[in-house]
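*Asks:* Below are the chains, spelled out letter by letter.
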Amino acid sequence: MLYQLLTVDALLARDAQTDLGELHRRDRTIGRELEGLAGRPAAQVLAWAERRGEIPESGMENVRRVERGIGLVLVALGFVLGGVAAAGVLYYEGVGRVNVLAALALLIGVQLLTLALTVILMLPARWRALVPGLDAVQGVFSAFSPGRLFRSIGRWLAPAAAGRFDGVLAGAVATERKFGDVRKWLVLRASQMFAVAFNIGLLAVYLALVVFTDLAFGWSTTLDVDAARVQGLVETLAQPWKSWLATAVPSAELVEATRYYRAGGTAAVNAASLGRWWSFLLMCLVTYGLAPRLALLAFAAWRLDRAMRRTLLHLPGVAELRYRMNREAVETRAEDPESGVRAPTPPPAGEPIFLNGACVAILWGGLTLSDAEAARLVARAAGLATKGIHRAGVGAALEDDRETLRAAAVFAGPIAIIVKAWEPPLGELVDFIAELRGAADKGRAIIVMPMAEDPAAAPCADDIAIWRRRMASSGDPWLSVRGIAQEAAP
Amino acid sequence: MSTPVLAVVGHPNKGKSSIVATLAHDLSVRIAPEPGTTIRSRRYPMKVDGRVLYELVDTPGFQRARRALAWMREHETTAAQHAAVVSRFVETHRPSGEFEDECALLEPIAQGAGILYVVDGSKPYGPEYEAEMEILRWTGRPRMALVNPIGAADHIEEWQAALKQYFGIVRVFNAMSANFTKQVELLRAFGQLDESWTKRFDEAVRALEADRRERHRLAARAIAETMAEMIVLVVSQSVSREADPTRAEQALERRYLDELRSLENRGRLAVERIYDHGGMNRRETAFELLEHDLFAEESWSLWGLTPTQLALTGALGGAAAGGGIDLAVGGASLMLASLIGATVGAAAAWFGSDRIAEVKIAGVLPLGGKRFTVGPSRNVNLPYVILGRALHHQRLVALRTHAHRDPLDVPPPDTTRAWIDELPSTRRRALERCFTRLRKEQDSGPAVDALAAQLEALSGEVDAVR
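Sequence lines, in order, name chains A and B. In terms of my numbering, the first sequence has 930 at position 392, counting the first letter as 1, and numbering is strictly consecutive. In terms of my numbering, the second sequence has 1108 at position 405, counting the first letter as 1, and numbering is strictly consecutive.
Calculated directly from the structure, the hints in this document are not laboratory data. Hints may be right or wrong, so weigh each one.
[To be verified] Some chain A residues near chain B, calculated using beta-carbon distances under 7 Å: (1) 852; (2) 861; (3) 973; (4) 979; (5) 983.
[Claimed, not checked] Calculated from the model, a selection of chain B residues having no Cβ within reach of chain A, i.e. all distances over 10 Å: (6) 716; (7) 737; (8) 747; (9) 766; (10) 781; (11) 861; (12) 914; (13) 951; (14) 954; (15) 981; (16) 1095; (17) 1102; (18) 1164.
Virtual Cβ for every residue (Gly too), placed ideally from N, Cα, C.
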């Protein structure tokens, strides 16, 4: 699961560089194939990663190996330590007896204590907060938990995978809170793996000793405890199995008979009966050692899986991924890149054209100015007198345009064309000017004069700039643009 | 049923590309003040799971409409032949390259596209538009005129009077400010142009609305995740015995604030990507989380709680904690713990409101020196400041049309204290519960889910604005 978690994270990180439309198309296709899993988000995300079929980063493949390796180390360690513990407690060299009470205390009592602490560790933080001091106990206990080995899993991973591990489980910033449950259950599951292996090792060595040696069990204590009380303890411990496995419950006679005193020697007892304790001790180890650990292991594994799945759904980009998979892919953008655009024209260069004398003026594009107004505008723009005024463009027939061209061409001075500054220069005017240039002398100045909506005002500088660039694109050195200056105050 | 196609046509530089960018949510559309930027048609198919529901075509502007109309009139026979003459015009001039722009824009119409004629309502109407409108009338295709006011001046009425002579439907639509509701209203109106289109456009609108709701939901989750990271942020630093602890503390505090800024920025990028504004140019008022005199800081007074709200919020958190003890002792404490918790919470919120970062000593190092940590911040106001800013940013991004090419300015809101005061008290209490959970719980996942659920309603409010 850890491998899958990190793989999903790496795949999503890679997708962050991909175009959103493309992502939506791809993930929607996968999502439709996985429609049956839409109600199980984590399973759907995992299936998505599988469909992608990519190993997103080098080093990712060793995550599984490391995860398995650490698990194996813990299991082996637990098994060996369990075996050593059994051998130590049941050490018997033919003299004295194996004290059942000591064996119960060391093999079962200690385990039940650690079991209780493990359960405390498993409690939600807000429950623990209700009992003062519990957090401190838990802190000490968790410091010695073998499961902590899993916390440092990053050390054994390849650098890329290690970075991702830290990123997923610790967040991009150092915080212990993000996905804290994954870390908690990762440690707890690992410690239960260790504990189960410990119990199996314990049982294996115990059974080996039972089979291959003649363990002589007895019980002994300095305290003033009579056989009836020990019998009571034995009966209580044997509650879970006494109804169906009576042979594993020592009888009162056996308890009475197997008491021994180091100083006073032992009561005369049949040597064979000394070994009858073994089945009771075996059931104790299975019932109070192995079984609860197996249950806790299953519980921790279930909680870890749940925490992992929740973490998976909180990874950056997973909410978007689920949206892409499960929602209709709505696309509105262009499929092809923008290509049909005109490159911007460079700004006009060169010296301003020197103008003097009189000119002929053309009102372009349906301008409704009187001749006198037009003459004043030309004077404001270029200081020229006006000898004749014509109209062309919108509002005039195409034949009238040609007539205007002829009239302007025969005039010897500059030609002024008054245009609306707020309207863009169109191809029609560019064509007209080109025809005008063809009809007139090459060196004749043609001046385009954009006027503002209010004839008394100066046109906007941005509009003038647009006109300049458009006229400059013709490459005619005698074609210029002059904005009409603001009317002087009377 | 053939796919409805709408050709967006008009004079150059009147906002055709802006209209297309807004309706197609496409930042790649080139929008420039230079007239005649578009020289070729570009298609924008609206697809749902690969099925095209309609298509927009951005076209170059008319350059020689008067001459084109003159050619058509020369070849006119009867009014019934007008559309055929337009098609012939395209066929005749396409190969030669003459009337290049007119051919490019009339071609999709000749092939059956409807017409969306765009004019600038901030510029006066003039007779130079009549030739192109006449050509469009000749095509006989379903058509609508859009008055797109690019500048501040208002010539809309003048335009409407003229456009009604040539177009059955005339609408005002500002490509820069039209919110989502206005955009879908326009799409529905497209469906009215031709009876056979209605179903397609209705279906498209339903899909777009569902998609929009989903994006708001994603934005809410992105904000919740960012907030969670900011609230639980911890930075730490080991400081040797020889180092100056005061300087180390200051450096660590600076790092903490930088991390907060960086997280906020990351959250904003995520929200921008969700609304297809990825890679936008953003200019913003710097997020200055200053350590002292918080209430003197404009951003904190704009986004955060007032001192009274702070005290009430602190009391709420304190009472909740005290309530836990009351519950644990089965009410034997006569709710005293709740009362004490509320008082302590209110006092802590009031007096602790000017502290954002607090450096703590996390432990002593084996070889001497100390380990300092900062965070998670216990400042009650911080989540509100973060949330107010995040929602304001989300609102700006969600309302921003794709016709904008200028940087997104993230200024403080116009109405001081609007966001927090307009928040219903039930919502604020629910938010405070989420913040408390984030501060306390070991795993932020469930609290992030709860916060995202609260924010969904807030993030979707942008489309309620008309």
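*Asks:* Each hint needs a verdict: does it hold in this structure or not?
*Replies:* Hints, one by one, checked against the model:
1. 852: Holds, because the Cβ-Cβ distance from residue 852 (chain A) to chain B comes to roughly 5 Å (cut-off 7 Å).
2. 861: 5 Å, holds
3. 973: 12 Å, violated
4. 979: 26 Å, violated
5. 983: Where the cut-off is 7 Å and the nearest Cβ of chain B is about 25 Å from residue 983 (chain A), the hint is violated.
6. 716: About 5 Å separates residue 716 (chain B) from the closest Cβ of chain A, which leaves it inside 10 Å; violated.
7. 737: 6 Å, violated
8. 747: 5 Å, violated
9. 766: 3 Å, violated
10. 781: 23 Å, holds
11. 861: Non-interface label on residue 861 (chain B) holds, nearest chain A Cβ at 12 Å vs cutoff 10 Å.
12. 914: 4 Å, violated
13. 951: Label holds. Min Cβ-Cβ 16 Å, cutoff 10 Å.
14. 954: 15 Å, holds
15. 981: 7 Å, violated
16. 1095: Non-interface label stands for residue 1095 (chain B): nearest chain A Cβ at 22 Å, farther than 10 Å.
17. 1102: 17 Å, holds
18. 1164: 20 Å, holds
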